[in-house]
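Start from the sequences, fold in the hints, and give me the full structure.
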Amino acid sequence: MFTERFADYDWDRVSDDIQRVTPQRVRAAIDRAGHGTPEDFLAMISPAAEPFLEEMATRAFALTRKRFGNTIQMYIPMYLSNECQNICTYCGFRYDNQLPRIKLTDEQIVREAEIVKQWGYDHVLLVTGEANKTVGVDYIAHAVELLKTRFSNISVEVQPLDQDEYETLIDAGVYAVLVYQETYRRANYKTYHPKGKKSNFDYRLETPDRLGLAGVRKIGLGVLLGLEDWRVDSFFTALHVDYLQRKYWKTKYSISFPRLRPAVGMQNPNHPVANKQLVQLICAYRLFNEDLELSISTREEAHFRDNLFRLGVTSASAGSKTNPGGYADNDALEQFEIDDARTPAEVAQAIRNAGLEPVWKDWEMAMT
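Position 307 of the sequence shown, counted from 1, bears residue number 307 in our numbering, the numbering being contiguous throughout.
If you're looking for bench data, these hints aren't it; they were derived computationally from the structure. The reader is advised that the hints may include incorrect statements.
Distance windows between CB atoms, simulated [as the list claims (entries may be wrong)]: (1) R65 - P100: 42 to 50 Å; (2) K250 - T134: 27 to 35 Å; (3) M1 - R67: 23 to 31 Å; (4) G215 - N353: 35 to 43 Å; (5) E39 - H142: 39 to 47 Å; (6) D12 - R65: 20 to 28 Å.
Pairs of lysine-lysine, BS3-like flavour, derived with a Cα cap of 30 Å [what the hints assert, rightly or not]: (7) K252 - K117; (8) K252 - K66; (9) K195 - K133; (10) K276 - K66.
Ideal Cβ placement from N, Cα and C applies to all residues, glycine included.
Here it is as structure tokens:
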């Protein structure tokens, strides 16, 4: 399991190493663009790499277009439930938040699907809170069965599961699973996750291994940017994906960049990440590994997202709602506030304006 490799690294030593990076070390890392090591990635996210940002951006764009073509995949999240048994200090769905809890019925799930299909989407991400008793494997698998004839690609972002449970979801039609460690800083992890199954650091850390053993087609990783030092957390994410790619080489991998966003009852970022730093991080991932899919969500502001389309991003959400039943105008509490509130068609046009092509199977239908 990754926990064995993870044990070889110390958070404070990694932090010190990042601060000691020299311009020469950054130069060598950039020259290995596309086929770097975690240590190269560490150099490219360091303060010493900031003067190289323009070159990193240019190379990131070229590598992305070479590997993924002149396209950006569009997808949309569909929240099935806000039921959750965890207390996470940054999340609106946290168990101790006093809010109406909702679990969509079959009819409501189909209605949500009909709406996003009208917008042209063929790639959907199903999201739930972490409540195994109320929105467990059976409920998620049933939702996938309901939707798999309507969408060509179904991903899920749900509570970490055991290997056999992931095999059940894969058999039902799940293509990809997203699971975020939130932070790799073990010493502070329980500060943000004091109660609930999510407070088990090692179980969450080993989730991608269970996914790899289950044979899932794609695994999505990431940390919640703003909880801890983004540079150190991102290094551990890169280390994690490097390990996974070597061990589960048939599986594809993606990285997401969620920054802390406002939500009812949530904390403010301890370590805010500036736009320029997020650009540096995205470019570093692309130069580290040209095969990684890099995804940006509607957490980010519209103009900023438009600029990111020209860098290493390969997929983007649009028109997102973060509350269950939100596309049918349900007014349940959101998990967090979005920033880019443009319609899917407006985002698709912004991608075209960047000289790229939005990819979703039914796009032409949505334009008529």
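Hint check:
Distance hint check: the CB atoms of R65 and P100 are about 46 Å apart, consistent with the given range 42 to 50 Å. The beta-carbon spacing between K250 and T134, approximately 34 Å, falls within the hinted interval of 27 to 35 Å. Checked against the given bound of 23 to 31 Å, the beta carbons of M1 and R67, roughly 29 Å apart, stay inside it. Look at G215 against N353: about 39 Å separates their beta carbons, and that is inside 35 to 43 Å.
In this structure the supplied range 39 to 47 Å holds for E39 paired with H142, their Cβ-Cβ distance being about 45 Å. At roughly 39 Å, the beta-carbon separation of D12 and R65 lies outside the given 20 to 28 Å, and the hint is violated. Simply put, K252 and K117 have alpha-carbon atoms about 26 Å apart, close enough for the 30 Å limit, and the pair holds. Between K252 and K66, the direct Cα distance comes to roughly 17 Å. Compliance with the 30 Å bound is thereby established for this hinted pair.
Straight-line distance between C-alpha atoms of K195 and K133 comes to about 16 Å, which keeps the hinted pair within the 30 Å bound. Proposed proximity of K276 and K66 is supported: the alpha carbons are some 24 Å apart, at most 30 Å.
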